[in-house]
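Take the sequences, apply the hints, and build the full model.
So the sequences go chain by chain: F and L. Positions 1 to 361 (the UniProt record's numbering) are the ones given, in order, by the first sequence. Positions 1 to 361 (the UniProt record's numbering) are the ones given, in order, by the second sequence.
Since the hints were made in silico from the structure, they are not lab data. Heads up, a few of these hints could be off.
Intra- or inter-copy, both count: the list cannot distinguish identical chains.
Subject to a maximum C-alpha distance of 30 Å in a straight line, what follows is the list of computed DSSO-like cross-link-like pairs (lysine-lysine) [said to hold, decoys possible]:
id, residue 1, residue 2
1, K361, K73
2, K339, K358
3, K339, K73
4, K338, K321
5, K261, K243
6, K245, K261
7, K358, K331
Number of protein chains: 2
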Amino acid sequence: MAKHSKTPTALYEKDGVKQPDSVNQSVAQNVKQFRRKQPSANELVEGILKGDKIALSRAITLIESTNTEHLDKANEVIQGCLPHANQSVRIGITGVPGVGKSTFIEAFGKYLTAIGKKVAVLAVDPSSSISHGSILGDKTRMEELVKDENAYIRPSASGDSLGGVARKTRETIILCEACGFDTIIIETVGVGQSETAVHSMVDFFLLLKIAGAGDELQGIKRGIMEMADTIVINKADGDNIAKAKLAKTEFNRALHLFPAKNSGWTPKVTTCSAYEKTGIDQVWQIIADYFELTKENQYFEHKRQEQNQYWMLETINEQLKNRFYSHPEIKILLEQNKKAVQNNEISPFAAAQILLEKYFK
Amino acid sequence: MAKHSKTPTALYEKDGVKQPDSVNQSVAQNVKQFRRKQPSANELVEGILKGDKIALSRAITLIESTNTEHLDKANEVIQGCLPHANQSVRIGITGVPGVGKSTFIEAFGKYLTAIGKKVAVLAVDPSSSISHGSILGDKTRMEELVKDENAYIRPSASGDSLGGVARKTRETIILCEACGFDTIIIETVGVGQSETAVHSMVDFFLLLKIAGAGDELQGIKRGIMEMADTIVINKADGDNIAKAKLAKTEFNRALHLFPAKNSGWTPKVTTCSAYEKTGIDQVWQIIADYFELTKENQYFEHKRQEQNQYWMLETINEQLKNRFYSHPEIKILLEQNKKAVQNNEISPFAAAQILLEKYFK
Chain F
1 MAKHSKTPTA
11 LYEKDGVKQP
21 DSVNQSVAQN
31 VKQFRRKQPS
41 ANELVEGILK
51 GDKIALSRAI
61 TLIESTNTEH
71 LDKANEVIQG
81 CLPHANQSVR
91 IGITGVPGVG
101 KSTFIEAFGK
111 YLTAIGKKVA
121 VLAVDPSSSI
131 SHGSILGDKT
141 RMEELVKDEN
151 AYIRPSASGD
161 SLGGVARKTR
171 ETIILCEACG
181 FDTIIIETVG
191 VGQSETAVHS
201 MVDFFLLLKI
211 AGAGDELQGI
221 KRGIMEMADT
231 IVINKADGDN
241 IAKAKLAKTE
251 FNRALHLFPA
261 KNSGWTPKVT
271 TCSAYEKTGI
281 DQVWQIIADY
291 FELTKENQYF
301 EHKRQEQNQY
311 WMLETINEQL
321 KNRFYSHPEI
331 KILLEQNKKA
341 VQNNEISPFA
351 AAQILLEKYF
361 K
Chain L
1 MAKHSKTPTA
11 LYEKDGVKQP
21 DSVNQSVAQN
31 VKQFRRKQPS
41 ANELVEGILK
51 GDKIALSRAI
61 TLIESTNTEH
71 LDKANEVIQG
81 CLPHANQSVR
91 IGITGVPGVG
101 KSTFIEAFGK
111 YLTAIGKKVA
121 VLAVDPSSSI
131 SHGSILGDKT
141 RMEELVKDEN
151 AYIRPSASGD
161 SLGGVARKTR
171 ETIILCEACG
181 FDTIIIETVG
191 VGQSETAVHS
201 MVDFFLLLKI
211 AGAGDELQGI
221 KRGIMEMADT
231 IVINKADGDN
241 IAKAKLAKTE
251 FNRALHLFPA
261 KNSGWTPKVT
271 TCSAYEKTGI
281 DQVWQIIADY
291 FELTKENQYF
301 EHKRQEQNQY
311 WMLETINEQL
321 KNRFYSHPEI
331 KILLEQNKKA
341 VQNNEISPFA
351 AAQILLEKYF
361 K
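And the structure:
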């Protein structure tokens, strides 16, 4: 061992310096204070009913949480907001990427706030958890609307299943309504199963198209066109106007061949340019006409009741299936039976019976 | 008491005659013999594979039975037929009442047997248990086809649920195929959910329409038109020919607006008169073209595999739901929660959670 000496040598050891505390006490103090300030469910409800967007955002975050404690609190908030919800119109907007959904929603939303509406824009996009929020993820795509005091924009909840995302969105609608938003816009991308989910949570369904696009762009999921209460042909500007008018005639003719809707409403086709902000008023006029009709013939209320029932039963059915298909023994047996069915060794019904007997025994 | 005397008086009593046995012994003997002659599952399979229509009918009756013993035997028969099934084309035909489905199927079926096909006609009509067999119930509507040696007509199985009827029909298809029928026609009426079921068990879906009918007659269920691989406009005869041609143009235009099908097939529109037996060959040509395309691009096999998987999973999901919703405690709790949801006292998701916790606890 080298003896300490005043002469610096390679073996000289400096006295240790006290390492800083691994916890920054002043930051910790702040965090604790912030935590203490986390509002209670009651405080959140109060804030939401007063129209406080920050309380609204916090409550939605609870809805989106996977933490059980948060979910209990979220349920309390929803319960508190329920009696104040339902006073709104809910509009679903779909269209494949490229038809200009963001631009349209910005123009449409600004038009609505200008005529005195309070607009909340939500999105259903189960794929966003993978693609990291393709829809509304980038709020800057709606620059003006996001700054509008009477608008509230919330990106799609992420989630591993459409059912989960749908639940979160449905509950977010309740909170937005309780917060005083009277026009709820739900955006979705026209390529998956999410349209059916959105169709089941809105009063009015708007399909956005553009004229003269190739099959690829028009390649919206089968059945979507029949869901539409209106088809809006966007980008009807400049050289596109003639094409858009032609498309309008064609879609009108096609819609005519569809059976009548339970709502008593005949779907309308219109053109607009979200970019030039033309035709937006006609879009709103169509929607307003629809609400006048369906509130008078009581279809509006009827449909909401039906939707509520639907979501209750759908949630149950989803859970029943999840329990079954995630059962470890069933998983193995299912794979075996899938193969047997594929090879025509067993009928699909006999295979199902084997699995069910195993599960319920 | 009157004393017996040779003189007939009002009080004269004849000796009693021995009453006949309440069981007719010779009939009983016949019944016993018939029972003893009930073929075994193996005998039925043998008969079916030989093309014996009586064995086929008997086996189908077993499939349709609610007796557990019969069902076990039915499963044995299906199991025995499975390796010999699948060698056929399966064609679904739908159209609302009034478009002339029976007349069309008779003309189409006769055309097929004339070109050497063996045709089985089945029906899916879950309502037939209530209306006592509206579809094909009256075989006399297909007078000629029913007498055709190369045709086999079987009315819809009755049943309390679409799921049940669908299962029976699917299994009947297997038996018909094993019996040598190479063209299976499944008829359904275009007003309920049965189209989706039929669409999931056939290779090709034909929608029958007529020209110039009011909305009521054209009022086929939403989404059916998108399922169609061909639209056939029937009753194109006499004064109707011009109208039928116009309708053809319109439907062609409408179909053009639908997205492309996974099969790679572009749906075709054609006209015919089942009554005058014109245009039937074109209908078959379209179907033959479809099969040529989809067998080449392997969509045909792919779709059958998918359908097998679908029916296995669908049967499981139905059973999971049936168990839940028929649970006595759940039934009561469900009614309570339905009301609470209706009155906006609870969110549909919270209500579902309450029910699920009860069920799984």
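Output the numbers, in ascending order, of every earlier hint that fails for this structure.
none
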